[in-house]
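According to the working numbering, the sequence shown holds residues -8 to 75 in order.
Because the hints were derived from the structure by calculation, they are not lab data.
Incorrect hints may have been included.
Calculated cross-link-like contacts (lysine to aspartate or glutamate; reagent style EDC-like; alpha-carbon spacing at most 20 Å) [what the hints assert, rightly or not]:
id, residue 1, residue 2
1, LYS33, ASP61
2, LYS10, GLU(-6)
3, LYS56, GLU70
4, LYS56, GLU37
Ranges between beta-carbon positions, derived for each pair [claimed, not checked]:
id, residue 1, residue 2, range
5, ASP43, GLY17, 37 to 45 Å
6, GLY67, VAL8, 18 to 26 Å
7, TRP59, PRO5, 21 to 29 Å
8, PRO48, SER16, 36 to 44 Å
9, ARG14, SER47, 33 to 41 Å
10, GLY55, ARG15, 32 to 40 Å
11, SER24, GLY55, 36 to 44 Å
12, THR46, VAL6, 30 to 38 Å
13, ALA71, LEU12, 24 to 32 Å
14, ARG14, HIS38, 18 to 26 Å
15, GLU70, PHE30, 22 to 30 Å
Using N, Cα and C, we set each Cβ at its ideal position, and we do this for glycine too.
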Amino acid sequence: MCERNHSQCHQFCPVDVAKGLCRRSGDIIMTDSPVCEHFSEKPRCEHCRHYDDTTSPAQCLGLGKPYWVDASTNAGLCEAFTRR
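Model the full assembly from the supplied sequences, consistent with the hints where possible.
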């Protein structure tokens, strides 16, 4: 798994591909700069118990029938998301 970055935080609002706004501090921050102690990771498919990466492509098995998914897909609004 890759190193955490700001784009994976609930407090991060992207402005463009390289930077975004921290909703907590109000500062503009670079996406790949070190995360702070207030980092709160967004739920992603790779964190869900329904995510199956033993197949190629990976699949979500929690929505009735299998769907192809990417590990980094934001799962914040997924009705089937259950953290591992």
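Outcome of the hint check:
For the suggested pair LYS33 and ASP61, the alpha carbons sit about 15 Å apart, so the restraint of at most 20 Å is met. Taking the CA atoms of LYS10 and GLU(-6), the gap is near 17 Å; set against the 20 Å cutoff, the hint holds. Simply put, LYS56 and GLU70 have alpha-carbon atoms about 14 Å apart, close enough for the 20 Å limit, and the pair holds. Taking the CA atoms of LYS56 and GLU37, the gap is about 18 Å. The hint holds against a cut of 20 Å.
For ASP43 and GLY17, the Cβ-Cβ distance of about 40 Å falls inside the hinted range of 37 to 45 Å, so the restraint holds. Taking 18 to 26 Å as the suggested C-beta distance range, the pair GLY67 and VAL8 conforms, at roughly 20 Å. Judged by the Cβ atoms, the range 21 to 29 Å given for TRP59 and PRO5 holds: they are separated by roughly 24 Å. In this structure the hint that PRO48 and SER16 lie 36 to 44 Å apart at CB holds, the actual value being about 37 Å.
Here the CB-CB span from ARG14 to SER47 is close to 37 Å, well matched to the stated 33 to 41 Å. Between GLY55 and ARG15 the beta carbon distance is about 37 Å. The supplied range of 32 to 40 Å therefore holds. Evaluation of the 36 to 44 Å hint for SER24 and GLY55 yields a pass: the beta carbon distance comes to about 40 Å. At about 36 Å, the beta-carbon gap between THR46 and VAL6 stays in the expected band of 30 to 38 Å.
In this structure the hint that ALA71 and LEU12 lie 24 to 32 Å apart at CB holds, the actual value being about 30 Å. ARG14 and HIS38 have their C-beta atoms about 21 Å apart, which keeps the hinted 18 to 26 Å range intact. A beta carbon spacing of about 26 Å between GLU70 and PHE30 agrees with the range 22 to 30 Å that was offered as a hint.
In summary, the structure agrees with every hint in the numbered list given earlier.
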